[in-house]
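Undergrad: Sequence:
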Amino acid sequence: MEFRHTKRFHIVSLLILSISLLSKASANDIYDAAINNPARLKADFAYDQKRKPLDILPFTQIKKGDKVLELGAGGGYTTELLSWLVGESGKVYAHFLYNKERLENNRLSNVISLRKHSLNEHAQVLAENEIQSNKLDAIIIFFVLHDIYLNNEMSDELLTSLMDALKPGGSLIILDNAAKPDSGLTNISDLHRIGEHFVKSELEQAGFVFDGQTSVLRNKQDDHTKPWGDYEGLQDRFAYRFKKTEI
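Note that the sequence shown covers residues -27 to -1, 1 to 220 in mature numbering (1 follows the signal peptide of the UniProt record, and there is no 0).
Treat the hints with care, as some may be off.
Think about it this way: if two alpha-carbon atoms lie no more than 27 Å apart in a straight line, the pair counts; the simulated DSS-like pairs of lysine-lysine are [stated by the list, open to error]:
#: 1; residue 1: K37; residue 2: K23
#: 2; residue 1: K173; residue 2: K153
#: 3; residue 1: K25; residue 2: K36
The calculated label-pair distances, taken between Cβ atoms and stated as ranges, are [to be verified]:
#: 4; residue 1: R191; residue 2: G48; range: 20 to 30 Å
#: 5; residue 1: D129; residue 2: A12; range: 34 to 44 Å
#: 6; residue 1: Q178; residue 2: G206; range: 27 to 37 Å
#: 7; residue 1: G60; residue 2: D21; range: 17 to 27 Å
#: 8; residue 1: D137; residue 2: S91; range: 29 to 39 Å
#: 9; residue 1: G206; residue 2: P154; range: 12 to 22 Å
#: 10; residue 1: Q105; residue 2: G202; range: 33 to 43 Å
#: 11; residue 1: K15; residue 2: G206; range: 21 to 31 Å
Treat the hints as calculated values from the structure; they're not laboratory data.
Note that the Cβ used here is the ideal one computed from N, Cα and C, for glycine as well.
Please work from the sequences and hints to get the whole structure.
TA: Have a look at this one:
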């Protein structure tokens, strides 16, 4: 009898493990599909080695059908990846997307380009695009948080507005160029870097809950003294994920 129970236990354990592995593989498939989509602009593939989307996209926990706000979309490298990732049932609100080639002929039909504006007008812009309370699954700010502070666009009101727009359990993901950890805003202008301890403290004070980080973009050889783009190799970059508390 004891042997039968032991055998059943092992069978059940193996089934649970198999289901877990299949689920993980299935989740990774959506990121692989977005990254390897042949419809991506060819120039983007050259950036994959330094931007590491195969690691960063799973870290965001963004999935098909999600509604995502991207602050500082810029050239749209991440915008496009998100578009293929969330699919037709999802939406990507791309703030300050200046590469309009990506949107020609409706090729990214699920991307809504927000008008160019100062983030000081955040409430107006969110309202114009029907980004209402508890609507967004995720907000990403990739490599422009230091610019938001540099341009004096960060405010308690902006943080409150972003928090309000997220669904309970929604994520805010920050990637930026690392200054010395405790340097705060000292090098946002001359080096285009920001102190990560300051970032974590500011967002936690605003009510966001720290939910994890990844070291995939870190570079221990970087001494944090050279400007972004003036480093022989890739500068040290941090990646933080925060959550809006579940109700």
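Undergrad: Each hint should be assessed against the structure and marked as holding or not.
TA: Going through the hints against the structure:
no.: 1; hint: K37 to K23; in the structure: holds, 24 Å
no.: 2; hint: K173 to K153; in the structure: holds, 14 Å
no.: 3; hint: K25 to K36; in the structure: holds, 17 Å
no.: 4; hint: R191 to G48: 20 to 30 Å; in the structure: holds, 23 Å
no.: 5; hint: D129 to A12: 34 to 44 Å; in the structure: holds, 41 Å
no.: 6; hint: Q178 to G206: 27 to 37 Å; in the structure: holds, 34 Å
no.: 7; hint: G60 to D21: 17 to 27 Å; in the structure: holds, 20 Å
no.: 8; hint: D137 to S91: 29 to 39 Å; in the structure: violated, 19 Å
no.: 9; hint: G206 to P154: 12 to 22 Å; in the structure: holds, 20 Å
no.: 10; hint: Q105 to G202: 33 to 43 Å; in the structure: holds, 38 Å
no.: 11; hint: K15 to G206: 21 to 31 Å; in the structure: holds, 25 Å
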